[in-house]
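There are 2 protein chains.
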Amino acid sequence: MDLISARARFEAIQDRICQALGEADNQSFVTDQWSSKLGVGKSRVTASGEVLEKGGVMFSHVKGAALPPAATVKRPQLAGKPFEAMGVSLVIHPHNPYIPTSHANVRLFVADPESDQPTWWVGGGFDLTPYYGFDEDCQHWHQSAKDLCDGFDTKLYPEFKRWCDEYFYLKHRDEPRGIGGLFFDDFNALGFEQSLAFVEAVAQGYLDAYLPIIERRKDMGYGEREKAWQKYRRGRYVEFNLVYDRGTIFGLQSGGRTESILVSMPPEVSWSYCYEPEAGSPEAKLTSYYLQPREWV
Amino acid sequence: MDLISARARFEAIQDRICQALGEADNQSFVTDQWSSKLGVGKSRVTASGEVLEKGGVMFSHVKGAALPPAATVKRPQLAGKPFEAMGVSLVIHPHNPYIPTSHANVRLFVADPESDQPTWWVGGGFDLTPYYGFDEDCQHWHQSAKDLCDGFDTKLYPEFKRWCDEYFYLKHRDEPRGIGGLFFDDFNALGFEQSLAFVEAVAQGYLDAYLPIIERRKDMGYGEREKAWQKYRRGRYVEFNLVYDRGTIFGLQSGGRTESILVSMPPEVSWSYCYEPEAGSPEAKLTSYYLQPREWV
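If you're matching them up, the sequences are chains H and U in order.
Start counting the first sequence at 24; every next residue gets the next number (my numbering).
Start counting the second sequence at 24; every next residue gets the next number (my numbering).
Everything labelled a hint here was simulated from the structure, so no lab data went into it.
Wrong hints could be hidden among the right ones.
One copy or any two copies: either way a pair holds, since identical chains are not told apart in the list.
Straight-line Cα separation of at most 25 Å, BS3-like style, residue types lysine-lysine; simulated pairs [to be verified]:
| # | residue 1 | residue 2 |
| --- | --- | --- |
| 1 | Lys86 | Lys194 |
| 2 | Lys60 | Lys104 |
| 3 | Lys194 | Lys60 |
| 4 | Lys86 | Lys104 |
This structure is a prediction, so every number in the text was calculated from the model and none was measured.
Just chain H, with the same shape it has in the complex (with noise of 0.2 Å):
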């Protein structure tokens, strides 16, 4: 198992990401090296420009001396082994209420990765939060992850879209995060070459899912009432991350770099007691129609 060249694969995948995102803003994305003692890692950052108000490409390679019970649910007699983790995350948020946030992150995980047999397998996914919703962006979206599924085992897409919809959930809302996506963990049936090349297919999956969403949308005139409207459901994307998602969790907790792991924080959030939508608004019809479950292809 070549780790070396793994994480090279993985840095590819944040500057590919970066540059297509960058030249979609019309702006390059600002790069921040970090390290700790639990790894290194590179922050690439974005704000203000045309499209994007906010924007995080986070790439990190991290070790550690004994992996925590809550990172291996799945594989208990792992716990307290030592581990090397790497991976890229992101998370969005464009200027205009008609463009959706979005989210992918794609990571390899190796327990023992000095023993005869180390234990690996991969993760990731993306998924896609709009604040108003269009039926073919949801097609659109979603037949790019089976596409991208397909070119490896037709079963893959299915399992992971499911997934994807019972993670990105907020049960204290009863309402899920997004439209959905792409969500899969621990996993390794496909052997190292070829789960690294689906990890990279999944990072080309989101921006071939992405970037035509941004270019039918950016150019849609908005006013205040959508941006008010976006600004009330980044509360719900705040709820999620602080909440449940267990990334941001286990990072808080574990001592990862605070400015990293809350880049996922929109920009401008608002709260507001027991606000409610007009009764058939494009605003009302985003929770009424769009987030609710639904195969879109």
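Following the hints, position chain U against chain H.
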């Protein structure tokens, strides 16, 4: 143990606080009664008043068939017993960044209320979260806390002040949430009647501590810079409440009324990657001087 009259005393606390804050704000709180299978509540909220941008003063009275282990860390023998809990909890977010955000809470917990010997305790406190610091406000806040405690026992203030500093702490920021105040729990040392009287004194002490600060700061001029700083710092408030606050997390996980629990969220919030205020500025002094372990009286 007369829980009916105890409840009346908590409802009276809510009334007095809403009356006093409503007068300071020149606008009444709006009342929202609710009931669920857990119990009943009266949420009193305000928004866009003269002084208050958003505020909620919530009474609730809930009963449960089985005390969750999280509520009884110090009394494991009570886990699984029926229980009854009532209390008032409030968070006040003023418009003016020179007026701090404030929080107060008083509550009574009774385990096994139908038995011959129910176990009961009170808890609560109040704490202050400034955006700009003023020594006289911090001293007045803590002097009010000390005065009310000293009326019962001079040992209480130092203990409850330290507990407050420990509790309202953001580990991932290595930063206290504010300048503290009082925090207590599992408290029954004064006996039932005097404990309720103490809880009433805490509520009155909160008003004695906060209202003069509102008066002193409400006419201070501010502009975009101060508002932007307030919105940025409110992000810390969100982080604390969603990541650490036991009441919030327990409420959301146990199926409490989401809008009443999250009325604590600030109205307008922002996050900005790696933001640092200019060295030597009043904004920088907040963390370098005010948010440091300190005896204010």
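Going through the hints against the structure:
no., hint, in the structure
1, Lys86 / Lys194, "between (33 Å within a copy, 22 Å between copies)"
2, Lys60 / Lys104, "within (18 Å within a copy, 45 Å between copies)"
3, Lys194 / Lys60, "between (35 Å within a copy, 17 Å between copies)"
4, Lys86 / Lys104, "within (11 Å within a copy, 44 Å between copies)"
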